[in-house]
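Asker: Below, each chain spelled out in residue letters.
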Amino acid sequence: MSEMWTAKLRNKWQKNLPIEKLLPDDQPAYVVSWIYLFGVLTLSALAVIIATGVVLAFEGPAWYHVSHAGKFFNSLHFWSVQLFFVFMVIHLWGKFWMAAWRGNRTATWMTGAVAFVASIATAFTGYLVQTTFDSQWISFEAKDGFNSMGVGAWFTVTNLGQMLLLHVAFLPLILGVITVVHVLMVRKRGVVPPIDEVPNFLVEVKS
Amino acid sequence: MKGSKEIKHEFDAAPWRGRTKKYDIIKEGTLALAFVAVLTLVLSLLMGSPDDPPLTFKGWATSNSDNFYVTAVQELAGTSGTATYGAPYNRNADGLNVGPLWFQRWAGVTHPIDTVNDFVISPLSTQVLSTEITAALTEWKSAPDNQKLNWATSYDEAITAVEGDLSKVASGEYGPVPALATGLTAMAKSGGLDAALLSQGGFFQTDNTKQILFFGDGAYLDDAGTAYNLQGGTWGMMNETGRYPGQAWLWLYSFWYQIPPFNNEESKPIGANADVYIMVIMGALSLGLILIPIIPGVKNLPMRIPIQRGIWRQYYQAQGIKRRK
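Chains as they are written, first to last, in our numbering: chain A, 1 to 207; chain B, 1 to 325.
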């Protein structure tokens with residue numbers, strides 16, 4: 001039985017991430033700062049982005065130009081993206097000053113930083129598919145940077161179809177997977193202890 | 001024997017065994033989602049979202065027909081921005097480089113654009129034209145390549161000599177070029193060029209590359225970008241039209257375009273190749289952000305600059321924990 005891949009995966013999961021860690025009902029006493037809220041606020045904004053984005057995807061990129069309902073959902077999508085970045089940047093700065101990579105949490109930091117970069121790419125393609133003057137302008141200006149790196153040979157910012165597919169399918173998938181991995185890592189390792197918190201015996205030895 | 005650093009590392013890595021408090025993760029998530037949803041709703045109702053319509057060739061040719069006409073001549077003469085761009089559109093320039101690295105040229109031509117045919121001759125060929133324009137088109141198509149180039153280059157140079165003032169252009173051997181530019185301007189004014197450039201003779205099409213590049217060759221798009229305060233020299237990459245916030249998260253990318261030598265195209269090699277240098281810098285900085293936990297010096301900043309004392313102030317006070325060196 002233990003040789004079964006399924007059993008191995010289940011055992012490993014249960015060992016590293018039991019349900020008590022995944023859905024905890026207590027947390028360390030040091031988690032007492034408003035800065036801790038920005039992780040969950042970032043996730044909440046992402047949820048609103050996805051929900052409003054799905055509505056927009058059903059109707060197409062030009063819907064909001066001709067429909068009040070479309071304009072409303074486009075506005076929700078637009079502002080949730082703005083909030084998402086505000087929350088995420090504060091979360092990122094907070095985790096930096098907490099040195100949140102301590103205690104074997106390097107991969108947690110790295111997945112968070114990759115999620116930040118992936119978010120920028122996803123938002124960028126969103127601005128390209130607005131089908132407004134801004135889309136025309138951004139695509140004309142941005143092409144030079146991508147072309148100069150050779151990336152423009154395949155990532156064509158002036159190609160609405162390509163940008164739309166990347167924006168609604170590929171990039172959200174990448175961002176979603178990274179975000180899930182990041183959150184699972186946070187749950188597995190727990191919230192990093194304060195920098196100046198050390199074991200009692202170490203304090204006694206030093207004093 | 002373990003040092004204090006190793007002990008601290010093991011302590012940070014181990015499951016927390018100190019005091020705990022009640023925590024309802026589902027309730028927290030639900031309240032956070034509700035808060036963000038309401039905040040988004042309020043902002044949307046109060047502010048709406050940007051919706052400035054895209055420019056059209058019809059608008060360009062109608063509002064500034066001389067500029068459109070001159071741009072059409074440049075497309076025929078091969079002197080426009082697109083015609084002299086290089087990869088990925090053509091091989092008429094080497095593109096940008098960082099020292100010996102010519103990424104742009106190495107990637108090759110993957111979206112070939114022939115400005116003469118793609119921007120002028122093919123669109124005109126889809127139209128029912130006047131006798132004069134039809135004759136000009138026939139004359140152009142039947143002429144040898146060097147003759148076409150001579151006509152278009154002579155006319156382009158004559159226009160440049162009078163700084164674009166079409167009423168002062170000297171007469172010369174321009175062949176059918178003036179008639180073709182006139183025909184394309186008339187086609188653009190009618191709205192026919194917008195559709196012809198997108199379709200390129202096909203039915204389904206989602207690639208706007210040719211339209212956008214043609215737009216960029218003239219002054220119409222650039223003037224509009226200036227009017228909307230979107231130029232690169234004024235942090236344009238992170239701005240949005242109207243009163244709306246743009247991609248503020250691109251501030252660092254935009255920053256480089258504001259300072260020398262990146263903001264001076266005459267400065268070689270960096271200013272003249274600013275796009276690729278800035279992309280390389282931003283790529284390195286992005287990698288640096290991801291790798292902060294293993295970068296000496298940077299990873300120790302939080303321990304040296306005690307902002308963390310403020311973050312955990314309440315806990316430190318309650319536990320009587322002083323700052324440790």
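Check the hints yourself; a few may be wrong.
Unchecked claim - Straight-line Cα separation of at most 16 Å, EDC-like style, residue types lysine to aspartate or glutamate; simulated pairs:
hint, chain 1, residue 1, chain 2, residue 2
1, B, Lys22, A, Glu20
2, A, Lys21, B, Asp24
3, B, Lys27, A, Glu141
4, A, Lys71, B, Asp51
No wet-lab data here; the hints were simulated from the structure. Keep in mind that this is a model prediction, so the values were computed, not measured.
Asker: Work down the list of hints and note, for each, if the structure agrees.
Answerer: Structure-based check of all given hints:
1. About 13 Å separates the Cα atoms of Lys22 (chain B) and Glu20 (chain A), which keeps this hinted pair within 16 Å; it holds.
2. This hinted pair checks out: Lys21 (chain A) and Asp24 (chain B) have alpha carbons roughly 12 Å apart, not beyond 16 Å.
3. Of the supplied pair hints, the one linking Lys27 (chain B) and Glu141 (chain A) is violated, its CA atoms being roughly 45 Å apart against a limit of 16 Å.
4. Distance restraint check for Lys71 (chain A) and Asp51 (chain B): the Cα-Cα separation of roughly 9 Å lies within the 16 Å cut-off, and the hinted pair is therefore satisfied.
In this structure, only the earlier hint numbered 3 is contradicted, and the remaining ones agree with it.
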